[in-house]
Amino acid sequence: MASLRCFLRSGRNAVSVVLRREFHKTSPASVQVTVRDALNQAMDEELERDERVFLLGEEVAQYDGAYKVSRGLWKKYGDKRIIDTPITEMGFTGIAVGAAMAGLRPICEFMTFNFSMQAIDQVINSAAKTYYMSAGRQSVPIVFRGPNGASAGVAAQHSQCFAAWYGHCPGLKVVSPWNAEDARGLLKAAIRDDNPVVFLENELMYGVAFEMSEEAQSKDFTIPIGKAKVERQGTHVSLVTHSRYVSHCLDAAVVLAKDGIECEVVNLRTIRPLDIETIEASVMKTNHLVTVEGGWPQFGVGAEICAKIMEGPAFNYLDAPATRVTGVDIPMPYAKILEDNSVPQIKDIIFSVKKTLNV
Amino acid sequence: MQNMLTLISNVFRGTATKNVLLIRLSEHVDLTSPPASATPRQPPKPPPGAMAVVSARSYADFTQQASFDIKKCDIHRLESGPPVVAELTRDQGLQYYRTMNTMRRMELKADQLYKQKIIRGFCHLYDGQEACAVGIEAGINLSDHLITAYRAHGYTYTRGVPVKEIMAELTGRKGGVAKGKGGSMHMYAEHFYGGNGIVGAQVPLGAGIALACQYQGNNQVCVTLYGDGAANQGQIFESYNMAALWKLPCIFICENNKYGMGTSVERASASTDYYKRGDFIPGIRVDGMDLLCVREATKFAADHCRAGKGPILMELQTYRYHGHSMSDPGVSYRTREEIQEVRSKSDPISTLKDRMLNNNMASVEEFKEIDVEIRKEIEEAAQFATSDPEPPLEDLCDHIFYNEPPIEVRGIHPWSKLKSVS
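Line by line, the protein sequences give chains A and B. Heads up: the first sequence is residues 450 to 808, going by our numbering. Heads up: the second sequence is residues 1145 to 1566, going by our numbering.
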């Protein structure tokens, strides 16, 4: 465990170089911003805006963040607002929740969401359920954030996706940004939200740069939690996905377009509450549904989408059963060839789309 | 002459007099469901005074204040402990007596209602431990914060929730303090964070509340309670570490009632010196059956925290008469003789009453009057709790999120679309 944490702390993002998207001409007022910097700026601005906001977690202060997401914040805001904790997730998560109950607005960072399992009782039983149990007397304005899902070569205990686990629970909002604009707008919205928000980042996306519009750069730019975004219009199939796999779906769509298949790519942005209306509208247009996620198939995000589609008007518009593209139902292996074949690749999405369309 | 003395006595006693027989009930007991109150709750007020006086004893007859020797506390990592002498005024004594007795009767009434199946689920009763809740509250202010585990009815009362709202919550009615949605273990009030069902989870929460106090610089402290059963939880040690590291104004209090459910402390803990378990945190072991001892220790602890010295730990040695919960008769792991012995020798209410009587601070009649009033209050609260309607089904999904427009919630089947308001 200690040696693994050393690895994580090295701050290497060699893998993200592979994923770096091609630079294209940016329009005058927009800039290229990495997801990491977008998160950093969002936190910086919210810390400045509201003195009740503070950040706590392992290595967030003097180390500048295990993944450098909180770089520079301790230097700017000091010990009171940026707090390094001991390696005691259950304890510091409970402390963060208690602080939220008593009037502060904490951002509780998990070095990865795998470690949140040690603290999951505090997230669910102390944070998520309290407003309901108290019949509206006690609110818990807190954000739990950190990298979620598979990384590169970190093996089984460090690669789990928790979207379905947290997405299961009433009282929580669960958010999964994809690009820099998502990261910025959703994190600001999450911090300003008066309820517990689980904010699932992705380590492999931290170093990826995206164009950010001038509007998105404004200090009050927020993205509403609970609304999905259609990233690419299409007519033949709806690819519904979240986080890193939005990139995969967009890349697959480019390849499929050469075969005359136009994919509509829906970026969920929020896992809970799920924006089923946007998905339904898309399915009613394309008549085909393929969900794409990194997590395991059983009881997953894709499973929930399929179930919801069956319960609504879009079912009658399906020309084929919905398809789920997911991670393989195994603990994550280490060897590169095994790991690569444990999560959806672009070729898997292309294959699944063609099978669903029966071409 | 008698009337003049009575007048003078009423003036001096102010509103804290208990020397009354008749009370205006409508001022004291509100039988309608209260609206959600935005104002902070006040401590339970005794009924208004200045009605007919029954007792012939008057002001000049009673001792107004006395000093009592209290047990010296064992200390850990402290140069000195709380004082060994406590002052008690007549008014304070009568107030403490009333509060503890109300708590006692409330718990016994809950026992009755549970056996009648009007209260369901979990019900963990506090009788025997009254000195802890009342002593702690006497040592802090209402502006301080308090959080405890599931044996919480007593603290809910001392933190300002009226008896009838507690009982209506136990019976699951809309007049309950959590509108019937929380039940026995989930009652909240201003600066009172429940009522927590997961053993030990409340301790990091309490340390977090203390962090908020420190952060906001408001000179408040957080009293964080847990039991001897919870004392071995890892997250408590995690909380000790961070509280000490960051010097949080947190008073950790272990209510050691000798049994964690059915397991005696000797069978659960390698070290039963709970006041020392904080290791680097100073600790005090307190006689939890003596309200004055608890009060003095709490004041000492609060001063320690407010002086910026960091957290402190108190172990209150106390006892519960009931079993762990209503489904536990409480005699399979301890003897009836033991329970009886504690009741006869160390009962907190009797201890206080005897002290006051022996020092001529109050009369037997006065205590009897208070008992009668309390009995009435509890009866009426129980009446309310059994007659108030259950929460309406339309409210089923409310209070999922705070400060949100209404959302749709999925019901039992796809055709059931329910609404949730903030």
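Check before you lean on any hint, since a few could be wrong.
What the hints assert, rightly or not - Derived coverage of chain B by chain A (criterion: at least 3 residues anywhere in the stretch with Cβ under 8 Å from a Cβ of chain A; other residues may be distant):
| id | segment |
| --- | --- |
| 1 | 1420-1428 |
| 2 | 1465-1478 |
Claimed, not checked - Think about it this way: if two alpha-carbon atoms lie no more than 25 Å apart in a straight line, the pair counts; the simulated DSS-like pairs of lysine-lysine are:
| id | chain 1 | residue 1 | chain 2 | residue 2 |
| --- | --- | --- | --- | --- |
| 3 | A | 804 | A | 734 |
| 4 | A | 578 | B | 1453 |
| 5 | B | 1391 | B | 1215 |
| 6 | A | 578 | B | 1318 |
| 7 | B | 1489 | B | 1512 |
| 8 | A | 757 | B | 1561 |
| 9 | A | 757 | A | 734 |
| 10 | B | 1443 | B | 1215 |
| 11 | B | 1259 | A | 524 |
| 12 | B | 1563 | A | 578 |
| 13 | A | 517 | A | 529 |
| 14 | B | 1563 | A | 676 |
Claimed, not checked - Simulated DEER-style distance windows between Cβ atoms:
| id | chain 1 | residue 1 | chain 2 | residue 2 | range |
| --- | --- | --- | --- | --- | --- |
| 15 | B | 1266 | A | 566 | 46 to 54 Å |
| 16 | B | 1565 | A | 529 | 45 to 53 Å |
| 17 | A | 552 | B | 1415 | 54 to 62 Å |
| 18 | A | 668 | B | 1416 | 52 to 60 Å |
| 19 | B | 1550 | A | 668 | 56 to 64 Å |
| 20 | B | 1424 | A | 726 | 50 to 58 Å |
| 21 | A | 552 | B | 1559 | 54 to 62 Å |
| 22 | B | 1423 | A | 679 | 15 to 23 Å |
For the record, the hints were derived by calculation from the structure and aren't laboratory data. Computed from a predicted structure; not experimentally measured. Glycine included, C-beta positions come from ideal geometry on N, C-alpha and C.
Each hint, compared with the structure:
no.: 1; hint: 1420-1428; verdict: violated (count 0)
no.: 2; hint: 1465-1478; verdict: violated (count 0)
no.: 3; hint: 804/A x 734/A; verdict: 19 Å, holds
no.: 4; hint: 578/A x 1453/B; verdict: 34 Å, violated
no.: 5; hint: 1391/B x 1215/B; verdict: 29 Å, violated
no.: 6; hint: 578/A x 1318/B; verdict: 19 Å, holds
no.: 7; hint: 1489/B x 1512/B; verdict: 21 Å, holds
no.: 8; hint: 757/A x 1561/B; verdict: 13 Å, holds
no.: 9; hint: 757/A x 734/A; verdict: 17 Å, holds
no.: 10; hint: 1443/B x 1215/B; verdict: 15 Å, holds
no.: 11; hint: 1259/B x 524/A; verdict: 61 Å, violated
no.: 12; hint: 1563/B x 578/A; verdict: 18 Å, holds
no.: 13; hint: 517/A x 529/A; verdict: 19 Å, holds
no.: 14; hint: 1563/B x 676/A; verdict: 19 Å, holds
no.: 15; hint: 1266/B x 566/A: 46 to 54 Å; verdict: 26 Å, violated
no.: 16; hint: 1565/B x 529/A: 45 to 53 Å; verdict: 36 Å, violated
no.: 17; hint: 552/A x 1415/B: 54 to 62 Å; verdict: 36 Å, violated
no.: 18; hint: 668/A x 1416/B: 52 to 60 Å; verdict: 56 Å, holds
no.: 19; hint: 1550/B x 668/A: 56 to 64 Å; verdict: 29 Å, violated
no.: 20; hint: 1424/B x 726/A: 50 to 58 Å; verdict: 55 Å, holds
no.: 21; hint: 552/A x 1559/B: 54 to 62 Å; verdict: 42 Å, violated
no.: 22; hint: 1423/B x 679/A: 15 to 23 Å; verdict: 57 Å, violated
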